[in-house]
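Asker: Taken in order, these protein sequences are the chains called A and B. For the first sequence, position 477 matches number 477 in our numbering, and the numbering has no gaps at all. Numbers in our numbering are just positions in the second sequence, counted from 1, shifted up by 882.
These are computed hints drawn from the structure, not numbers from a lab. Quick reminder that beta carbons are idealized off the backbone N, C-alpha and C, glycines included. Incorrect hints may appear among the rest.
Ranges between beta-carbon positions, derived for each pair [unchecked claim]:
1. B:Val986 - A:Asp25: 39 to 47 Å
2. A:Glu384 - B:Asn956: 52 to 60 Å
3. A:Glu384 - B:Arg969: 43 to 51 Å
4. A:Pro94 - B:Ala985: 56 to 64 Å
5. A:Pro94 - B:Val986: 57 to 65 Å
6. A:Gly447 - B:Arg969: 48 to 56 Å
7. B:Asn987 - A:Gly59: 33 to 41 Å
8. A:Arg62 - B:Asn956: 28 to 36 Å
9. A:Gly59 - B:Arg969: 28 to 36 Å
10. A:Gly59 - B:Val986: 28 to 36 Å
11. A:Gly59 - B:Glu919: 14 to 22 Å
In silico DSS-like pairs for lysine-lysine, Cα to Cα no more than 30 Å straight-line [stated by the list, open to error]:
12. A:Lys191 - A:Lys730
13. B:Lys902 - B:Lys951
14. B:Lys943 - B:Lys902
15. A:Lys303 - A:Lys119
16. A:Lys543 - A:Lys730
17. B:Lys951 - A:Lys64
18. B:Lys941 - B:Lys951
19. B:Lys941 - B:Lys902
20. A:Lys191 - A:Lys119
21. B:Lys941 - A:Lys64
22. B:Lys902 - A:Lys64
23. A:Lys64 - B:Lys943
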Amino acid sequence: MGALRDAAARLAGSLGRRAEEPELDEEMGFHLEMLTERNVRLGMDRAAARRAALVTFGGRERFKEEARDEYRSRPLEDFVQDLRYGIRSAVRAPLFSLLAIATLALGIGANAAIFGVVKSVLLDALPYADADRIVRIYGRMADGSLERSSLSAGTVTDLAERQRSFESLGHFYHTPVDVTYAADAGPRVLKAAVVGKGYFRTLGVSPASGRLLADADAEPGAAPVVVLSHAAWLREFGGDSRAIGRLFRFDGEAHELVGVLPPGFVGPMGDADVVFALDLTPALRDPVRARKQHWLGLVARLKAGVPSDAAEREVIALGADLAREHPDAQAGLTLAAVPLRDAMAGETRTPLLVLMASAGLVLLITCANLASALLSRALSRRKEFAVRVAIGAGRGRLVRQLLTESLVLAVAGGALGLLLAAAGLAALRGLAATALPPYADLSLDRGAVLVTAALAVVTGVLFGLVPALAAGRPDVQRTLREESRGSSESRRSRHLRGALVAGQIALSVSLLAGAGLLIRSLLAITGAPLGFAPGGIVTVPVKLPGGAYPTTEALMRFFEQLEERLRSLPGVTAVASTSELPTANMNRNGLAIEGVTWPAADGSPFIAYSSVSSDYFRTMGIPLRRGRTFDPTDRAGAPKAIVISEGMARRYWPKGDAVGARLRLGPGTEGSWAQVIGIVGDVRNDPSVPVPEPMAYASSAQETFGSRIFVVRTAGDPMAVMRGFERELKALDPRLPPGVPATLSSVLADGLAGRRLPVLLMTAFGGLALLLASVGVYAMFASMAAAREREFGVRMALGSSRRAIAWLVLRQGAAWMVIGLLGGAAGVIVVARLVRNLLYGVPPFDPVALGAAVATLLLCGLVALLVPIHRATHVDPVAVLR
Amino acid sequence: MTDIGKGELLQGTLDMLVLKALQLEPMHGWGITERIEQWSRQVLQVNQGSLYPALYRLKRKGWITSSWKTTANNRRARYYALTAAGRRQLAAEQQSWDRLSSAVNLVMRMAAAPESA
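Required output: the full structure, derived from the provided sequences and hints.
Answerer: Structure representation (structure tokens):
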């Protein structure tokens with residue numbers, strides 16, 4: 001500490017001295033020479049003249065020092081002195097300082113971490129040129145059965161031809177797909193984006209090397225080419241640019257690698273390792289795929305000068321035209337343009353803003369806490385200040401010194417908070433990966449650090465101001481007189497402190513109530529029955545290359561053999577396969593029911609849909625309610641069988657006559673009705689939505705695709721059967737890449753991450769607030785009790801009971817707690833409005849959540865009270881009065 | 883240090899005298915002491931060394947500025963010059979000095995009167 005102080009002082013002095021010192025020497029030397037010359041003129045010899053001059057001039061070093069004092073910058077020196085003093089006084093009260101720094105570090109750390117997330121999700125530039133000029137175009141069913149839907153090939157081409165608002169449009173397959181890459185070490189599964197003409201032009205991306213896909217690559221008959229993501233290029237080819245121009249096998253076909261994407265690029269469909277070109281012509285020729293399958297994402301770049309709302313209106317109008325022109329395929333389907341960032345940030349905006357606000361509240365509590373702590377300290381140092389004023393310190397100087405002291409604490413707390421934020425972000429990166437948009441790169445960047453530094457300084461000034469102003473107005477005489485008698489603190493500062501504590505209580509109650517509401521709604525969501533039993537299930541996607549399995553029979557044979565082999569593995573109790581796992585984004589098919597005409601404005605409703613093997617319901621634990629599930633009679637060529645969920649049966653056959661009813665699901669089924677053969681229990685596909693949606697299942701024997709997800713129920717550790725799984729897969733076809741397994745529970749957890757994260761963080765903030773407020777309550781009562789110790793001693797001596805004294809302490813502080821709780825009531829209203837959109841199954845003014853918040857706070861407040869009350873009631877009258 | 887013949891400077895008057903000495907033209911430190919001694923007919927002896935802290939003080943207050951020049955004898959020396967603020971300050975000090983000295987004179991003569999009466 002001493003070395004640091006000396007260094008600071010030396011620095012401050014040398015700033016001015018460096019320039020002035022030699023000049024001062026020269027100037028004084030000139031003066032001495034002139035003096036010497038005069039003495040010579042008066043008749044002395046040179047040596048005597050010089051000696052006399054030195055005597056007349058006087059102590060040279062002393063005057064130099066005095067001159068130095070004049071030119072040395074005073075504000076800087078004062079600041080250094082204050083700084084030195086601030087550090088010294090922080091060290092002298094280690095408990096107070098540690099508490100202050102830790103409190104601040106937590107408050108600032110929470111804010112910096114959340115700001116890091118908010119910035120990377122909502123503020124950072126998307127990895128595209130002029131990203132705010134790009135919109136995403138979605139479909140939406142008027143009846144709400146489809147939101148943010150993909151578009152058909154026909155819609156995409158019609159839009160591109162008719163629109164006038166955009167300079168370029170780019171379509172892409174709505175989700176990344178798995179491809180098998182024949183690496184030297186063996187086949188591996190990579191994620192692929194499949195994109196059409198104009199995609200890269202619209203996003204405004206330039207290659208890191210080679211070229212990106214051109215329109216010609218998406219023409220019919222073009223040579224197959226592929227572009228790699230920067231990460232995949234480094235991973236697969238070690239960043240070797242000689243790989244560009246060479247051929248590599250993807251899904252059994254040779255593709256030329258033509259270029260590499262820039263680092264950090266993420267497409268609107270999500271992370272992908274490779275990008276393929278998409279030719280729409282075959283789809284457009286097929287009447288079903290052209291209009292009735294919605295499978296394309298579409299981005300569009302606004303023309304210069306076209307406002308985004310005009311473009312949105314044009315898209316809506318064109319959507320209405322298309323719906324009119326193709327009533328059979330597009331009735332009820334509307335189009336909408338959404339800014340690309342909103343499309344990609346998705347539903348993270350509201351929770352992030354709520355979290356940011358919560359972190360802000362924590363910081364406010366931090367400030368209040370520190371203000372009252374500094375106030376206490378300022379009060380206990382009143383005598384010191386009075387003495388300083390008495391010996392001539394200016395009031396402004398005193399205030400400045402107190403501000404410097406709080407700045408010292410703020411900077412220390414801010415630095416520590418930054419470390420906490422970095423640690424917090426590292427933790428969040430793991431927790432939030434699936435909950436945040438793919439482009440979000442959680443890091444504590446320069447902006448976040450700057451904002452944090454600003455926070456530290458503002459906080460320092462803010463919480464330094466209150467005690468500084470209180471101390472700046474000391475009545476010197478009275479203070480000196482009273483302090484020696486040890487009387488209690490003034491009414492004014494007592495009220496100030498009470499108000500600060502009341503404010504903390506109000507903010508804490510609000511935060512706790514918000515956290516309570518979120519916890520309650522998460523419980524309401526996770527508590528609702530899923531409709532299936534995920535425990536013990538491992539899921540493995542298996543994809544067969546089209547070339548090796550050209551017929552449906554070949555596919556069927558492979559999948560049936562694999563199911564059979566898996567069933568015999570030890571530890572496996574059931575095996576099934578499905579086209580899709582229950583998730584938020586299930587494939588949906590338009591529904592037609594024999595004898596039912598949908599309202600023309602709405603069109604047919606879209607129903608979540610998957611094709612499953614016979615044992616699917618048993619493996620998943622989905623109960624059969626009526627009729628039967630699929631059996632070997634539901635094979636290819638037999639009449640098509642459909643199993644529906646209870647909810648779907650209730651909604652479309654309210655009279656209970658669903659089994660045996662005839663319906664069609666999906667495009668291309670015109671002319672042949674399928675029959676409902678059974679009703680099974682409802683399933684919540686999206687684990688973050690508490691109510692199940694209507695669901696229909698087809699038999700995978702009658703609807704066979706080249707890729708399926710195997711669902712294996714195990715008796716023990718679900719991942720333990722994977723070795724056997726790989727063995728059986730290899731035995732059937734050694735060219736297949738090993739599957740990427742995931743337990744069903746982890747798939748569900750990923751689906752819930754977006755909901756769990758805000759709950760987790762807000763609860764953490766609520767806990768933090770509670771801790772801080774408890775410390776605040778404790779500090780208030782402790783110093784209140786300490787200030788009146790003498791009085792209590794007198795009362796005890798005069799025969800007052802301990803209970804009466806405890807009551808005195810309690811009454812003085814309880815008023816502020818009540819005020820705080822009332823303020824909290826107002827805060828709760830604000831918080832409830834803020835989180836309203838995040839709630840499920842809980843009213844915004846849920847009495848349980850609010851009651852729990854108040855009770856928790858009161859409990860902690862009471863615990864915080866115990867020590868001061870104990871101290872007050874155990875005052876030794878003799879010791880105090882002596 | 884209190885010999886009466888050679889006048890010690892009254893506390894706080896050095897600054898005022900320095901400003902006065904610079905009223906006509908810029909001057910170096912040595913020149914300032916000489917000028918004050920000349921003008922006071924060798925009665926006021928400026929404590930040579932203490933001139934410099936005073937100069938730096940005046941500079942910090944913004945009443946004088948300094949710059950290096952060559953003297954008539956071709957020597958390098960730092961010259962000090964009055965600023966506008968310095969001239970205002972000089973005028974103010976002149977005024978308050980006049981008031982003070984005439985008041986002191988009044989008192990001193992008044993004290994002598996009863997004796998002569």
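Asker: Check each numbered hint from earlier against the structure, then list the numbers of those it violates in ascending order.
Answerer: Result: no hint breaks.
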